[in-house]
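A.B. asks: These are the residues of each chain, in order.
2 protein chains.
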Amino acid sequence: MTQKKPLILVTNDDGITAPGIRALIDVMNEIGEVVVVAPDSPQSGMGHAITINSTLYCDPVIINKNAPQKEFSCSGTPVDCVKMASREILNRKPDLCVSGINHGSNSAINVIYSGTMSAAVEAGIEGIPAIGFSLLDYAMDANFEPSKKHIKAIVKNVLKNGLPKGVVLNVNIPKLEESEIKGVKICRQANAHWVEEFDKRTNPMGRDYYWLSGKFINEDKGEDTDEWALHNGYISIVPTQFDLTAHHFIQELNNWSLNG
Amino acid sequence: MTQKKPLILVTNDDGITAPGIRALIDVMNEIGEVVVVAPDSPQSGMGHAITINSTLYCDPVIINKNAPQKEFSCSGTPVDCVKMASREILNRKPDLCVSGINHGSNSAINVIYSGTMSAAVEAGIEGIPAIGFSLLDYAMDANFEPSKKHIKAIVKNVLKNGLPKGVVLNVNIPKLEESEIKGVKICRQANAHWVEEFDKRTNPMGRDYYWLSGKFINEDKGEDTDEWALHNGYISIVPTQFDLTAHHFIQELNNWSLNG
Numbered sequence: 001m002t003q004k005k006p007l008i009l010v011t012n013d014d015g016i017t018a019p020g021i022r023a024l025i026d027v028m029n030e031i032g033e034v035v036v037v038a039p040d041s042p043q044s045g046m047g048h049a050i051t052i053n054s055t056l057y058c059d060p061v062i063i064n065k066n067a068p069q070k071e072f073s074c075s076g077t078p079v080d081c082v083k084m085a086s087r088e089i090l091n092r093k094p095d096l097c098v099s100g101i102n103h104g105s106n107s108a109i110n111v112i113y114s115g116t117m118s119a120a121v122e123a124g125i126e127g128i129p130a131i132g133f134s135l136l137d138y139a140m141d142a143n144f145e146p147s148k149k150h151i152k153a154i155v156k157n158v159l160k161n162g163l164p165k166g167v168v169l170n171v172n173i174p175k176l177e178e179s180e181i182k183g184v185k186i187c188r189q190a191n192a193h194w195v196e197e198f199d200k201r202t203n204p205m206g207r208d209y210y211w212l213s214g215k216f217i218n219e220d221k222g223e224d225t226d227e228w229a230l231h232n233g234y235i236s237i238v239p240t241q242f243d244l245t246a247h248h249f250i251q252e253l254n255n256w257s258l259n260g
Numbered sequence: 001m002t003q004k005k006p007l008i009l010v011t012n013d014d015g016i017t018a019p020g021i022r023a024l025i026d027v028m029n030e031i032g033e034v035v036v037v038a039p040d041s042p043q044s045g046m047g048h049a050i051t052i053n054s055t056l057y058c059d060p061v062i063i064n065k066n067a068p069q070k071e072f073s074c075s076g077t078p079v080d081c082v083k084m085a086s087r088e089i090l091n092r093k094p095d096l097c098v099s100g101i102n103h104g105s106n107s108a109i110n111v112i113y114s115g116t117m118s119a120a121v122e123a124g125i126e127g128i129p130a131i132g133f134s135l136l137d138y139a140m141d142a143n144f145e146p147s148k149k150h151i152k153a154i155v156k157n158v159l160k161n162g163l164p165k166g167v168v169l170n171v172n173i174p175k176l177e178e179s180e181i182k183g184v185k186i187c188r189q190a191n192a193h194w195v196e197e198f199d200k201r202t203n204p205m206g207r208d209y210y211w212l213s214g215k216f217i218n219e220d221k222g223e224d225t226d227e228w229a230l231h232n233g234y235i236s237i238v239p240t241q242f243d244l245t246a247h248h249f250i251q252e253l254n255n256w257s258l259n260g
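Chains as they are written, first to last, in the numbering used here: chain A, 1 to 260; chain B, 1 to 260.
Note that these hints are calculated values from the structure, not bench results. None of the hints are false.
The list treats identical chains as one, so a pair stands whether inside a single copy or across any two.
As a list, the in silico DSS-like pairs of lysine-lysine whose alpha-carbon atoms are at most 25 Å apart:
{"no.": "1", "residue 1": "Lys93", "residue 2": "Lys200"}
{"no.": "2", "residue 1": "Lys5", "residue 2": "Lys149"}
{"no.": "3", "residue 1": "Lys200", "residue 2": "Lys70"}
{"no.": "4", "residue 1": "Lys215", "residue 2": "Lys165"}
{"no.": "5", "residue 1": "Lys93", "residue 2": "Lys215"}
{"no.": "6", "residue 1": "Lys5", "residue 2": "Lys93"}
{"no.": "7", "residue 1": "Lys165", "residue 2": "Lys221"}
{"no.": "8", "residue 1": "Lys165", "residue 2": "Lys152"}
{"no.": "9", "residue 1": "Lys175", "residue 2": "Lys152"}
{"no.": "10", "residue 1": "Lys182", "residue 2": "Lys152"}
{"no.": "11", "residue 1": "Lys70", "residue 2": "Lys93"}
{"no.": "12", "residue 1": "Lys149", "residue 2": "Lys4"}
{"no.": "13", "residue 1": "Lys70", "residue 2": "Lys148"}
{"no.": "14", "residue 1": "Lys5", "residue 2": "Lys70"}
Bear in mind that the values here come from a model prediction, so they are computed numbers and not experimental data.
Okay, chain A solo, but in the shape it has when bound:
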């Protein structure tokens, strides 16, 4: 008697041809039946955006003709890809959704800007166990090899244990050789933020425009944060939720005089 392979949906925000998603597909092909639905262009920083004021295209593509996975290229955001996959492409609910491997960190507050993590969160909202993977290396030729065995172990644990309703995993991997990675740490999201530095320029028509850039500031000294783990050679896993209610502040708010 053969056991049915788990169905794994793979997506990302760097686009369907990015080396990071190719590495993730390789690992997932060792574990289950893989379907890829990913953006046709880079969608970094798209957060939880969805496409409601324009149309969406989603077409089957063959990127590696010897590979076993089915692939679809979608004109929308990472969150659109997950919605499209679960509603239009897959004929059953996937056992897992993995997003990434992102080229660059999604630790700390970056989780909120991240298309990679928003795709995982969207899968979580739909009741699909989901994990976002990111490597702390923005380069297109980043080395994803050292992370592969850790990704495999994390995915196998999630397939075996499941995840509680309302929780997805945010996994960040330091830019280190395999022998330098000290292991995996369960963390909380570091309390950090960006300080913007707009680069102001003038276009050939004389009109001013800006490029958004910034400096990442981590003022959180806690040794239980993702930032600490990553700086100390560990892979960080932050369990991440989408109930945004600040439950701790409800009682105090009830004392305010709000009925105008």
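Chain A is fixed; fit chain B onto it per the hints.
C.D. replies: Relative to the frame of chain A, chain B by itself:
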């Protein structure tokens, strides 16, 4: 001795000319010194997206030449507007950021897709007390009058009491006459989701495309949710946070065998 008026940053996601932001500006002009930095086009459903792969324009505009506020129209997302305002436009940190009034609900899981609320969250990340306001009426000619006195009361409370670090307010207002609004309720985010219904069409060149639409499903029967409050004639306020850590799951995750 005169007390300095509070500096209030106003933004939204429906665009700088939407009736909802005009109503919010009216109320804020009664309370403080108002600066508007808002998108030059509709940005609904943009979530926490930021513009990193293209350029941003941000120009002063005059929409009502007799009005006291300064206004700037920005080519980016609602989150870009807040970043642009705090870094390039305002010469001091605002005392408050208000976003909206959104044409349509941002209750329950809608908070995560909402450009309106993401602008408020971004202000919160930057340490600015922030509130998102939404009216449960998508119509362009929605009646914002009944909500004005409640918005004023909520804003005055926030200016007086402040908000704890890491918390912003998500305020939703039912589509009711002033006499029908029963008051304000502090709530938690209802556990609800969307079931997508893609509308598949064929373009004149014969290629299939989709429009994203869907049905909102609330399976949360709790009487402490925003959905319950809104359906029962109350304005809902959900204190909303951006530490997404699922703290309750950390202990169990530590028992997993994750070191592959």
